[in-house]
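J.: Using the sequences and the hints given, assemble the complete structure.
The listed protein sequences correspond, in order, to chains S and H. Residues in the first sequence are numbered from 98 upward in steps of one, following my numbering. Residues in the second sequence are numbered from 18 upward in steps of one, following my numbering.
Since the hints were derived computationally from the structure, they do not count as laboratory data. A virtual CB, placed ideally from N, CA and C, is assigned to each residue, including glycine. Among the hints, a few may not be true.
[Said to hold, decoys possible] If we take Cβ atoms under 10 Å as the criterion, some of the chain H residues that face chain S in the derived model are: (1) Tyr208; (2) Tyr216; (3) Met249; (4) Gln363.
[To be verified] Here are a few chain S residues that sit away from chain H, every Cβ distance over 10 Å (derived from the structure): (5) Asp109; (6) Ala141; (7) Val158; (8) Glu172; (9) His181; (10) Ser194; (11) Gly216; (12) Arg236; (13) Asp245; (14) Ala253.
[What the hints assert, rightly or not] Some residues of chain S that are not near chain H, with every Cβ distance over 12 Å (derived): (15) Ala104; (16) Thr106; (17) Leu150; (18) Leu178.
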Amino acid sequence: MIDVGFALTDHDERPVDLSSYAGKWLLVFFGFTHCRMVCPRNLAKLSSVLEKLSAIANGIVPLYITVDPERDTPERMKDWLLDHYPRFTGLTGDRTSIDAARSQFRVFAERRASGDEAGGYDVPHSALTYLIGPDGEYRTHFNESVSDDEIAARIAGLMRPETSDAEH
Amino acid sequence: MITEIADRSATASKPQGIPAGLDDVQAGHLRRIIDLSELLPEDWSGMMGRSTLQEDFDALRFQLAYMSYALALCHVHRLPAAPVVFRKPFERLIGKMLSQDVWTYWHYVSTGNGPMNRALGELPAKWNPVEVDNIMYSAYIQSMALLYHYLFDDPKFAQEGGLSFKLQPLFWGNGGQTFPYDEKSLTQHIYWNMVEKGYLGVACEPNCVFQICNQPAIFGFRLHDFLYGGTMAEEVTEGYRRAWADFGILDAAGHYNIVVQEQEHVLLQRPPAPWADFWLGALMHMWDPEGVKAAYPGQMAHWAQKGPNETLWIPPSIRPEGMGPETSNALDFGWAAVCASEVGDQETLDKLLAYADGFLTPTWNDGAFYYRRRDGWLNDSGQLHAMDPHTGNALLAYARLNVPDGLRQLYAQPLDAARFDDPALVDMTDGLDVRVAYYDRDRSILNVVIRPGRADRNDAELTVSNVWGRGAWRLFVDGDHVATGDQTDVTITRGAVSARRSENGLVLRLPIAAEVAIRLECAA
Numbered sequence: 098m099i100d101v102g103f104a105l106t107d108h109d110e111r112p113v114d115l116s117s118y119a120g121k122w123l124l125v126f127f128g129f130t131h132c133r134m135v136c137p138r139n140l141a142k143l144s145s146v147l148e149k150l151s152a153i154a155n156g157i158v159p160l161y162i163t164v165d166p167e168r169d170t171p172e173r174m175k176d177w178l179l180d181h182y183p184r185f186t187g188l189t190g191d192r193t194s195i196d197a198a199r200s201q202f203r204v205f206a207e208r209r210a211s212g213d214e215a216g217g218y219d220v221p222h223s224a225l226t227y228l229i230g231p232d233g234e235y236r237t238h239f240n241e242s243v244s245d246d247e248i249a250a251r252i253a254g255l256m257r258p259e260t261s262d263a264e265h
Numbered sequence: 018m019i020t021e022i023a024d025r026s027a028t029a030s031k032p033q034g035i036p037a038g039l040d041d042v043q044a045g046h047l048r049r050i051i052d053l054s055e056l057l058p059e060d061w062s063g064m065m066g067r068s069t070l071q072e073d074f075d076a077l078r079f080q081l082a083y084m085s086y087a088l089a090l091c092h093v094h095r096l097p098a099a100p101v102v103f104r105k106p107f108e109r110l111i112g113k114m115l116s117q118d119v120w121t122y123w124h125y126v127s128t129g130n131g132p133m134n135r136a137l138g139e140l141p142a143k144w145n146p147v148e149v150d151n152i153m154y155s156a157y158i159q160s161m162a163l164l165y166h167y168l169f170d171d172p173k174f175a176q177e178g179g180l181s182f183k184l185q186p187l188f189w190g191n192g193g194q195t196f197p198y199d200e201k202s203l204t205q206h207i208y209w210n211m212v213e214k215g216y217l218g219v220a221c222e223p224n225c226v227f228q229i230c231n232q233p234a235i236f237g238f239r240l241h242d243f244l245y246g247g248t249m250a251e252e253v254t255e256g257y258r259r260a261w262a263d264f265g266i267l268d269a270a271g272h273y274n275i276v277v278q279e280q281e282h283v284l285l286q287r288p289p290a291p292w293a294d295f296w297l298g299a300l301m302h303m304w305d306p307e308g309v310k311a312a313y314p315g316q317m318a319h320w321a322q323k324g325p326n327e328t329l330w331i332p333p334s335i336r337p338e339g340m341g342p343e344t345s346n347a348l349d350f351g352w353a354a355v356c357a358s359e360v361g362d363q364e365t366l367d368k369l370l371a372y373a374d375g376f377l378t379p380t381w382n383d384g385a386f387y388y389r390r391r392d393g394w395l396n397d398s399g400q401l402h403a404m405d406p407h408t409g410n411a412l413l414a415y416a417r418l419n420v421p422d423g424l425r426q427l428y429a430q431p432l433d434a435a436r437f438d439d440p441a442l443v444d445m446t447d448g449l450d451v452r453v454a455y456y457d458r459d460r461s462i463l464n465v466v467i468r469p470g471r472a473d474r475n476d477a478e479l480t481v482s483n484v485w486g487r488g489a490w491r492l493f494v495d496g497d498h499v500a501t502g503d504q505t506d507v508t509i510t511r512g513a514v515s516a517r518r519s520e521n522g523l524v525l526r527l528p529i530a531a532e533v534a535i536r537l538e539c540a541a
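T.: Quick look at the structure:
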């Protein structure tokens, strides 16, 4: 159902695609840095998950893919993430590339005018977190209601057998 | 061994809270559904309205789906210890749902370019009926398959290709097209479509997201959660509330909004309709009972009209001339009855059914009861006259076979998996009419009441599962102690009743000239 793929630019302005992270687990969340509720809540929770996973988290690359490329430049994403959620690497790109990534992950996002300022807008979006295996295949996803403890436990459970296999 | 069983015959009357069983009319509705399920493949006798090319609200898919839901509600709430009555008919209805007669309408509906989806232009015609949009079909076959698995512990439709949509037109030669799914892959497919739409819902016709048609998918998600774990239904309903907050689930007057145009992201302004209020209310009650119960009284007060002799009827939604073929139906009426049954408004339900019996088309046919089709919207007094096959075969049956909060209960709590270990009727002579069938687990008693129905009046055979290995038992027929057994076999039989052990359970053969009450008392 999820055919993972993207070709984007990371917040250090390097071009990246799935192969850039070969052999690593990916924890992927879509959002936008002007998001006031959903992203802060979820990125904080996922940061907590990574804390709980402790050393296991070393094998995970947390990615935050924007749904608002017009405002989320690499520089903007880097500054914002380093300030608030430093474990995450931001990915952005042009509109076509972002829409393609959204489509691959089947993410909903829709630009809506916001009354707060002239020309302002929000981008309501899905709040799913995806776990991608080191082979680049979708493993599972977590919806917003799943607690940090449960996400951590499930990730650890999914990573353990594959890590063990790799060690033998 | 037999002395281990206390004599409970004197106190074996039905305790409070046990399944109600069926009265004559309910049994007649059930027989009608079973009869329709037994029609030969692609024989839709008695199910066809005036042709609307399977795109209208009385299409075959709706009849098949709501007959299957009615079977489920009747089994769970009224005859829980009689899976034999329901399992094969349910399976046959799913088989009919897979018929190309039922879903190939999608080939031309998928092209869009109508009043509600002209913004998309003319789209390529699709054969695959579940790939994109068409939730008005996909969610029904999904939920039916999962419901069958859930009720009967049979993963038949979970097998790879278990739900395959096959198209083999004669002039395509030997090939044709097959779109293979199963209950899990189809659920995942619908779920991700829902996620991509921000949980607003999957469209029916292209660009048209109807609230109503996404409810069966939510039911399916819940059943999937019960069967396979997960919280899909919770996630989707939470997202659904947020997404519809942009438009309102209800309008300012307390009627349900009906349809959103996806691309324009606008609510289509159209007058409220009784079918919309009651259809959505009946289904959404499963996951938002408070909201539905709050809206329902005002909706019913708005729509219900007084009929003769203290009856009630619902004015039909008559489409403007030129919008679709000329037709007529009683769907507004039928859905009002279903919704009244679900929210537990017995007084209104009784008055609606009294109108149906007094002024519509009640029909008995060899023990089967339904309302036969009648065309023409209104009678000379300006009251409802029409009857369509969906209302006559499925909706009024659903209303009568349901219990208050019936669908809500199915959705709210998983059924106890231990029910599959309780004694139950798993086989019987064709045509028997089962009126009571429940296992009283507290007292370890199976109670069954049967009538000859269409069966041979001299002889009936019943198989009861889960009798062996649970200790001694005694069998009573009409209060007479007729057989005794232990945990491995029958030890004593008396009178005209024979009992034997078989591979599937305890097989009873008995004469049934009239109604017979069977009580199997197991070791407590």
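J.: Could you run down the list of hints and mark each one as holding or not?
T.: Comparing the hints with the structure gives:
no.: 1; hint: Tyr208; in the structure: holds (8 Å)
no.: 2; hint: Tyr216; in the structure: holds (8 Å)
no.: 3; hint: Met249; in the structure: holds (9 Å)
no.: 4; hint: Gln363; in the structure: violated (37 Å)
no.: 5; hint: Asp109; in the structure: holds (30 Å)
no.: 6; hint: Ala141; in the structure: holds (19 Å)
no.: 7; hint: Val158; in the structure: holds (23 Å)
no.: 8; hint: Glu172; in the structure: holds (29 Å)
no.: 9; hint: His181; in the structure: holds (24 Å)
no.: 10; hint: Ser194; in the structure: holds (18 Å)
no.: 11; hint: Gly216; in the structure: holds (19 Å)
no.: 12; hint: Arg236; in the structure: holds (14 Å)
no.: 13; hint: Asp245; in the structure: holds (16 Å)
no.: 14; hint: Ala253; in the structure: holds (18 Å)
no.: 15; hint: Ala104; in the structure: holds (20 Å)
no.: 16; hint: Thr106; in the structure: holds (24 Å)
no.: 17; hint: Leu150; in the structure: holds (22 Å)
no.: 18; hint: Leu178; in the structure: holds (25 Å)
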